[in-house]
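Peer 1: All chains should be modelled from the sequences, with the hints used to inform the complete structure.
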Amino acid sequence: MSNHRFRRISRRTAERLLCDAPGRTRATGHDRLSEVLAAASAPARDRELTGEQAALAAFRAARLATAPQRRRPRMLKIALANVLTVKIAAVTAAAAGGIALAAATGTLPGQRHEEPSPAADTNVVATTSVTTKDKPNSPDKKPDNSASPSPSLKGLCQAYTAGAGSEHGKAHENPAFSALITAAGGADKVPAFCADQLGEKPGKPDHTAPGKPTKPER
Amino acid sequence: MPRVQSAAGFGDSGEISGVVWSPRRSSAGRSIADTGAEAMLTAARRGDEDGFRALYREVQPKLLRYLQVLVGADAEDVASDAWLQIARDFGSFRGDVDGFRGWATTIARNRAMDHLRRQQRRPVVHGTVEDVAEPAGPEDTAQAAVDSVATDAALALIARLPRDQAEAVLLRVVVGLDAKAAAKVLGKRPGAVRTAAHRGLRTLAAHLDKAPPPGRTPSE
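Line by line, the protein sequences are chains U and D.
Quick note on numbering: our numbering labels position 106 of the first sequence as 108, and the sequence is numbered without any gaps.
Quick note on numbering: our numbering labels position 151 of the second sequence as 164, and the sequence is numbered without any gaps.
Derived from the structure by calculation, the hints contain no laboratory data.
Be a bit skeptical, because a hint or two may be false.
For lysine to aspartate or glutamate, the following EDC-like pairs were computed, each having C-alpha atoms within a straight-line distance of at most 20 Å [unchecked claim]:
#: 1; chain 1: D; residue 1: Lys201; chain 2: D; residue 2: Asp177
#: 2; chain 1: D; residue 1: Lys223; chain 2: U; residue 2: Asp33
#: 3; chain 1: D; residue 1: Lys201; chain 2: U; residue 2: Asp198
#: 4; chain 1: D; residue 1: Lys223; chain 2: U; residue 2: Glu37
#: 5; chain 1: D; residue 1: Lys201; chain 2: D; residue 2: Asp127
Listed below are several chain D residues computed to face chain U (Cβ distance under 10 Å; list not exhaustive) [unchecked claim]:
#: 6; residue: Asp165
#: 7; residue: Val188
#: 8; residue: Gly189
#: 9; residue: Ala210
The structure displayed is predicted, hence computed values, not measured ones.
C-beta: ideal position from N, C-alpha, C; glycine also.
Peer 2: Pasting the structure below:
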């Protein structure tokens, strides 16, 4: 019984079967095939829509995430990065800040170095930043020389330039940088000053900033 | 043919978004009234949830049936995955409602292929009738499909086709894509898809012919 031949479906008929509106029985002379196709494309059943809430939730979430078009995430990212760099800058500055203040105030033109030596050199040890940390026991010379101001200002400069490009305006307002600004002789001179500080070998005093305190000593 | 769709652009995951999806419609009278459907799409684009819900209700049953043939019982899970991606990438979709159907189907198919790969398992529809070892023989399935005109039975019957034929038939008949859009989803040439669909229909007809006629006989 299963061997009898079915009528061959022409291309045209096949196309008609494929193209007819779903859910409608195809009148092609192939009734059983038509019925099967109609059944396969029958209207939706409720149990086929069980994922609706999840899909809508995903749509909602996506809409929130991209509300003003895809610009948002990038802006967010940048903002986040900025906050981060400012934080890092603040932390670095805080670490260097003690020195910075001690060093800067200790060596500011107006002030003689009366007591900066002990303060400065302990701080230098603490930061372990630059060249001089191995000689904390010769405290009298170091602080006046390149040692104490350079590392601290360097630290500030590093913090400053790390936050550069994005947040200079904020950096200026940050009290942690006031020492640096003072040392540089003005907020607008900080970049040049820092370029100098970071670019030069420690102790080499070819500075541009007028307020730089330690050089005159040489 | 200038309009052979290069489906190579459709990566396996993700990078479908942003592609303009507006297949030419070769036949009128597709499943949804176009104006209403376009309105849903426009509303959804504006962020309107009801618009997206309407799209879901329109497309999901089709996807689910297609997936049922591809991944069997896991169809619902795969469909959920697909809808998460559809919702997420919806903002980058460009195209009309037909395009949306094709785009969504491509995502669903990619998720299904991922799923199958993960399972290291052959697709349910792989192989011919004889290869499939299942409790019900093809005749029984055909009988059930004809007798009850049940959707699931019809899908089960289609699932017995070789996969390329099954997919071609489903994409055209169930999902409602035209040959070109179906070809785009499958990454083939429209001609190949057309041929596969025609073969699929012939094979189906053969199965049906082999089955006992639809005289109300539950069994012989």
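Peer 1: Are the hints correct? Go through all of them and say.
Peer 2: For each hint, the structure was consulted:
1. Lys201(D) <-> Asp177(D): Measuring from Cα to Cα gives roughly 10 Å; hence the hint holds.
2. Lys223(D) <-> Asp33(U): Since the Cα atoms of lysine 223(D) and aspartate 33(U) sit roughly 14 Å apart, the hinted pair holds (cutoff 20 Å).
3. Lys201(D) <-> Asp198(U): 63 Å, violated
4. Lys223(D) <-> Glu37(U): Holds, at roughly 16 Å.
5. Lys201(D) <-> Asp127(D): Cα-Cα ~19 Å, so holds.
6. Asp165: 9 Å, holds
7. Val188: This hint holds: valine 188(D) lies near chain U, its Cβ roughly 9 Å from the closest one there, short of 10 Å.
8. Gly189: For glycine 189(D), the interface hint holds, since the closest Cβ of chain U sits about 6 Å away, which is under 10 Å.
9. Ala210: 6 Å, holds
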